[in-house]
Amino acid sequence: MTQLSCDNLSIGYETGIVVKDLSFSIDSGDYLAIVGENGTGKSTLIKTILGLIKPIKGEIKMDESLKRNGIGYLPQQTIVQKDFPASVFEIVLSGFASINGFRPFYTKEEKEIAKANINKMGLSGYEKYPYKELSGGQMQRVLLSRALCSTTKILLLDEPVSGLDPIVTQEMYELINNLNKEGITIIMISHDVKEAVKYANKILHIGNKVFFGTKTEYLNSDFGKIFIDGGK
Amino acid sequence: MKELIETISYYFHFPFVWYALIVGVLIALTASILGVTLVLKRYSTIGDGLSHVAFGALSVAAIVGLTNEMLLAMPITILAAILLMKSGQNAKIKGDAQLAMISVGAIAIGYLLINIFPTSSNITADVCSTLFGSISILTLSSTEVIICVVLSVVVLLFFILFYNKIFSITFDENFSKATGINTSFYNYLLAIIIAIVIVLAMNLVGSLLISALIVFPALSAMRVFKSFKSVIISSAIISIFSSIFGILSSILFSTPVGPTIVVVDILIFIIFFIVGLFNTQQTKVKV
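Protein chains in written order, with our numbering: chain P, 1 to 232; chain C, 233 to 519.
Keep in mind the hints are simulated off the structure, nothing from the lab. Keep in mind it's a predicted model, so treat the numbers as computed, not measured. For glycine and all other residues, C-beta sits at the position ideal for the given N, C-alpha and C. It cannot be assumed that every hint is accurate.
[Unchecked claim] Computed list of lysine-lysine pairs in DSS-like fashion (alpha-carbon distance at most 27 Å, straight line): (1) 54/P - 318/C; (2) 54/P - 273/C; (3) 82/P - 57/P; (4) 273/C - 132/P; (5) 82/P - 461/C; (6) 115/P - 461/C; (7) 234/C - 82/P; (8) 458/C - 111/P; (9) 409/C - 82/P; (10) 318/C - 57/P; (11) 115/P - 409/C; (12) 461/C - 120/P; (13) 409/C - 128/P.
[As the list claims (entries may be wrong)] Beyond 10 Å from chain C on every Cβ pair, some chain P residues (computed): (14) 56; (15) 60; (16) 97; (17) 171.
Work out the full structure: start from the sequences and follow the hints.
This is the structure we're talking about:
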């Protein structure tokens with residue numbers, strides 16, 4: 001089932017187009033890696049999919065069920081967050097903030113799901129721990145738990161491993177991969193083509209040229225070969 | 233000591249002392265709660281800028297001869313707050329410069345107008361009391377107290393009802409927006425509330441010291457407390473305490489109310505700063 005698709009999409013800001021003529025589609029359960037060098041518009045694309053910026057041309061078609069249940073999003077961390085006084089539990093629960101409309105408090109059920117997500121991310125016992133005293137990898141897992149509270153269907157990850165050391169990076173990839181195996185669609189931005197290609201089943205390469213296709217197609221294309229071999 | 237208590241209980245026979253305490257506590261409470269959000273959103277100077285706008289508006293109101301100057305100051309300050317919020321997070325440097333411009337501009341125009349169209353014989357005293365807070369908190373009328381109580385209740389209700397949304401937006405605006413929270417609605421609401429608190433607070437500490445009411449309790453609380461809820465609650469308690477303590481000592485020692493409260497806030501900050509140093513060392517050991 002197609003969850004998300006776009007045809008000849010142009011994205012960018014008021015100052016100009018960043019990427020044009022993008023066409024791709026994602027089915028439920030897919031793992032899409034968006035790769036490309038820095039500054040090619042990967043984050044812009046994610047933000048357009050999320051509705052944070054309006055597309056310049058074309059539209060993104062989304063499955064109706066996604067609009068109702070929301071999308072999970074793991075943004076890049078901001079400086080503000082690194083010094084923010086909040087407990088792990090407070091942050092994870094805020095994944096429900098959009099769902100509960102004008103209800104001012106979280107339900108018991110929401111609190112239990114939040115706890116379950118914290119445990120799932122390997123952070124049990126950390127509920128009351130101050131966020132700013134966690135390690136970089138732990139912070140990412142807290143934000144991932146929060147994203148899981150706002151969706152059970154699709155996760156958008158913006159450079160989930162940036163700033164993490166190699167071991168923690170592998171753990172993070174494994175966690176994301178496990179979520180994908182459970183049936184959650186993954187859209188992940190990465191500038192590390194090799195690592196991203198390892199787990200993904202579809203690749204969207206943004207740059208001077210745009211490529212969209214399955215992993216095998218990408219690896220066999222001249223385009224993919226340059227990037228994979230170039231990394232050696 | 234006994235003498236001191238007797239003097240205080242003597243003063244409590246006067247309604248103006250009660251009025252001052254009620255208004256003082258309410259403003260301290262609302263300003264400190266908003267302060268946490270503002271400091272975390274890197275908007276801590278917005279209080280200062282808006283208070284200058286309010287000063288300008290009050291000057292104009294005085295010249296025009298409005299009996300209730302708040303009628304003009306409130307909408308103008310709200311408008312300025314909305315404009316500043318609109319420039320928003322994504323254009324940080326621009327927003328910052330904009331704030332400086334509006335702030336300095338408003339205070340200059342206000343002072344200029346007062347000088348060209350003097351409304352009283354003693355301009356310096358007038359300006360001084362608007363800027364630094366006057367004894368006016370001790371001359372509040374019951375109407376002013378009622379207005380203050382009503383508006384404070386509105387601010388508190390807003391905060392309690394939307395507490396979770398405010399947390400989510402403050403912590404991560406992009407995530408909130410992406411998952412479907414109408415962030416601009418809440419930002420505008422927040423801007424309006426801030427403007428209301430600032431115009432109210434001008435009665436208490438004056439235009440120049442409003443930032444202190446917003447910033448100090450929040451920063452003190454953040455030194456020691458690590459969760460959002462505990463920071464909010466402790467910042468409210470700190471602020472209420474320093475407000476009561478400041479008002480009473482200013483009556484006892486005939487010092488100006490605003491600066492006295494701020495000095496108490498500074499002292500509390502120093503204490504919390506030191507406590508915070510020991511606290512972080514402890515958690516590091518625990519990890």
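| query | Is the straight-line distance between the alpha-carbon of residue 409/C and that of residue 82/P 27 Å or less? | reply | 20 Å, holds
| query | If you draw a straight line from the CA of residue 115/P to the CA of residue 409/C, is it 27 Å or shorter? | reply | 23 Å, holds
| said: Run the distance test for residue 115/P versus residue 461/C: straight-line Cα separation, threshold 27 Å. | reply: At roughly 18 Å apart (the allowed maximum being 27 Å), residue 461/C and residue 115/P satisfy the hint.
| message | residue 318/C and residue 57/P were given as a pair; does the straight-line alpha-carbon distance stay at or below 27 Å? | response | 25 Å, holds
| query | For the pair supplied as a hint, residue 82/P and residue 461/C, is the alpha-carbon distance within the 27 Å limit? | reply | 17 Å, holds
| message | For residue 409/C and residue 128/P, compute the direct alpha-carbon distance and say whether it is at most 27 Å. | response | Roughly 26 Å between the alpha carbons, so the hint for residue 409/C and residue 128/P holds.
| request: Could you check that no beta carbon of chain C comes within 10 Å of the beta carbon of residue 97/P? | output: 4 Å, violated
| request: Could you grab the alpha-carbon distance between residue 54/P and residue 318/C and see if it respects the 27 Å cut-off? | output: This hinted pair holds, its Cα atoms lying about 17 Å apart.
| message | Checking a non-interface call: every C-beta of chain C should be farther than 10 Å from the C-beta of residue 60/P. Is that right? | response | 13 Å, holds
| field | Given hint residue 132/P paired with residue 273/C - CA-CA distance at most 27 Å | value | 16 Å, holds
| message | Hinted pair, alpha-carbon criterion (27 Å max): residue 458/C, residue 111/P. Please report holds or violated. | response | 20 Å, holds
| query | Is the straight-line distance between the alpha-carbon of residue 234/C and that of residue 82/P 27 Å or less? | reply | 50 Å, violated
The structure shown violates the earlier hints numbered 3, 7 and 16.
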